[in-house]
Amino acid sequence: MKLDFSQFENHLSKVLSNLEEKYIREPSKLIKAAVILPLLEGPKGAEILLTRRTNQVKSHRGQVSFPGGTVSPQDRGVTDTALRETEEEIGVERSRIKVLGSLPPLSTVSTGYFVYPTIAVLLPPFNFKRNEREVREIFTVPLDFVLDEQNWRLGPVETEDGTFTSFYFRYQGYLVWGMTARLLRKFREILIESDFVS
17 MKLDFSQFEN
27 HLSKVLSNLE
37 EKYIREPSKL
47 IKAAVILPLL
57 EGPKGAEILL
67 TRRTNQVKSH
77 RGQVSFPGGT
87 VSPQDRGVTD
97 TALRETEEEI
107 GVERSRIKVL
117 GSLPPLSTVS
127 TGYFVYPTIA
137 VLLPPFNFKR
147 NEREVREIFT
157 VPLDFVLDEQ
167 NWRLGPVETE
177 DGTFTSFYFR
187 YQGYLVWGMT
197 ARLLRKFREI
207 LIESDFVS
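Per the working numbering: the sequence shown ends with 214, consecutive numbering throughout.
Take the hints with a grain of salt, since some may be wrong.
Quick list of in silico lysine-lysine cross-link-like pairs, DSBU-like style, CA-CA up to 35 Å [unchecked claim]:
#: 1; residue 1: K114; residue 2: K45
#: 2; residue 1: K30; residue 2: K145
#: 3; residue 1: K60; residue 2: K202
#: 4; residue 1: K202; residue 2: K45
#: 5; residue 1: K60; residue 2: K114
#: 6; residue 1: K48; residue 2: K145
#: 7; residue 1: K145; residue 2: K202
#: 8; residue 1: K114; residue 2: K202
#: 9; residue 1: K145; residue 2: K60
#: 10; residue 1: K45; residue 2: K145
Computed spacing ranges between beta-carbons, pair by pair [to be verified]:
#: 11; residue 1: G61; residue 2: V125; range: 30 to 36 Å
#: 12; residue 1: I47; residue 2: N167; range: 27 to 33 Å
#: 13; residue 1: K114; residue 2: T181; range: 34 to 40 Å
#: 14; residue 1: Q166; residue 2: K145; range: 31 to 37 Å
#: 15; residue 1: D20; residue 2: N167; range: 33 to 39 Å
#: 16; residue 1: S29; residue 2: Y190; range: 39 to 45 Å
#: 17; residue 1: P172; residue 2: D96; range: 36 to 42 Å
Hints in this document: simulated from the structure, not taken from any laboratory. We put the CB at the ideal spot given by N, CA and C, even for glycine.
Construct the complete structure from the given sequences, taking the supplied hints into account.
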């Protein structure tokens, strides 16, 4: 079913609340982190915000990612981490972030992170202010593009750290792969299974 943005937001909130919560033991050797998958209403419908990291950060240099980072002791949970990092990286205050729910955590074996994803809607006006040390670019991808299986590939992706087999897609010169692509695939799967797309 095709929905307008407010209907989509309500539909997604219900879908996420109905996801079966499963206990997942955190691997002791992995670093606990959190990200936000930020949705916003664009001119032609729902869009997903992504960032391209700078070469000054410690990990995933130059890669496309979601706002997020390592969990700090002062954070009041993984959602708090994601909100804090989003404000630090792209300048969106937490009062302008509407949390809808979360997805099961993912691990990044190559870089050693255990990542908790939060799904949220960014509320207008959109006055992004990137952290120049961490974020090179901020851009959006239409949700319809991510949902279209024809835009996806599975194969080798060459990086400065080696060649990895990953789901990936290209959009306006950006290469989206790795954990970011895995999270988008999971998000896509949940939407399709919920009959969001007929």
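Going down the list of hints, with the structure as the test:
1. Taken as a hint, the K114 and K45 pair is honoured in the structure, with Cα atoms around 32 Å apart against an allowance of 35 Å.
2. Only pairs whose Cα atoms come within 35 Å are accepted, and K30 paired with K145 is accepted, the gap being roughly 31 Å.
3. With a C-alpha separation of about 23 Å, the suggested pairing of K60 with K202 holds against the 35 Å cut-off.
4. The straight-line distance between the Cα atoms of K202 and K45 is roughly 24 Å, inside the 35 Å bound, and the hint therefore holds.
5. Restraint check for K60 and K114: satisfied, since their Cα atoms lie roughly 20 Å apart, inside the 35 Å limit.
6. Annotation: proposed proximity of K48 to K145 holds, straight-line Cα distance about 26 Å (limit 35 Å).
7. Simply put, K145 and K202 have alpha-carbon atoms about 28 Å apart, close enough for the 35 Å limit, and the pair holds.
8. Between K114 and K202 the alpha-carbon distance is near 20 Å, which keeps this suggested pair within the 35 Å criterion.
9. Note on K145 and K60: the hinted pairing holds, with a Cα-Cα distance of about 23 Å set against a maximum of 35 Å.
10. Simply put, K45 and K145 have alpha-carbon atoms about 34 Å apart, close enough for the 35 Å limit, and the pair holds.
11. Range check, G61 to V125: Cβ separation about 35 Å, and the 30 to 36 Å hint holds.
12. A C-beta distance of roughly 31 Å is found between I47 and N167, which places it inside the suggested range of 27 to 33 Å.
13. Evaluation of the 34 to 40 Å hint for K114 and T181 yields a pass: the beta carbon distance comes to about 36 Å.
14. The given range of 31 to 37 Å is respected by Q166 and K145, whose C-beta atoms sit roughly 35 Å from each other.
15. Checking the proposed 33 to 39 Å range against D20 and N167 shows it is violated: the Cβ atoms sit about 23 Å from each other.
16. Hint check: S29 to Y190, Cβ distance near 28 Å, so the stated range 39 to 45 Å is violated.
17. Checking the proposed 36 to 42 Å range against P172 and D96 shows it holds: the Cβ atoms sit about 37 Å from each other.
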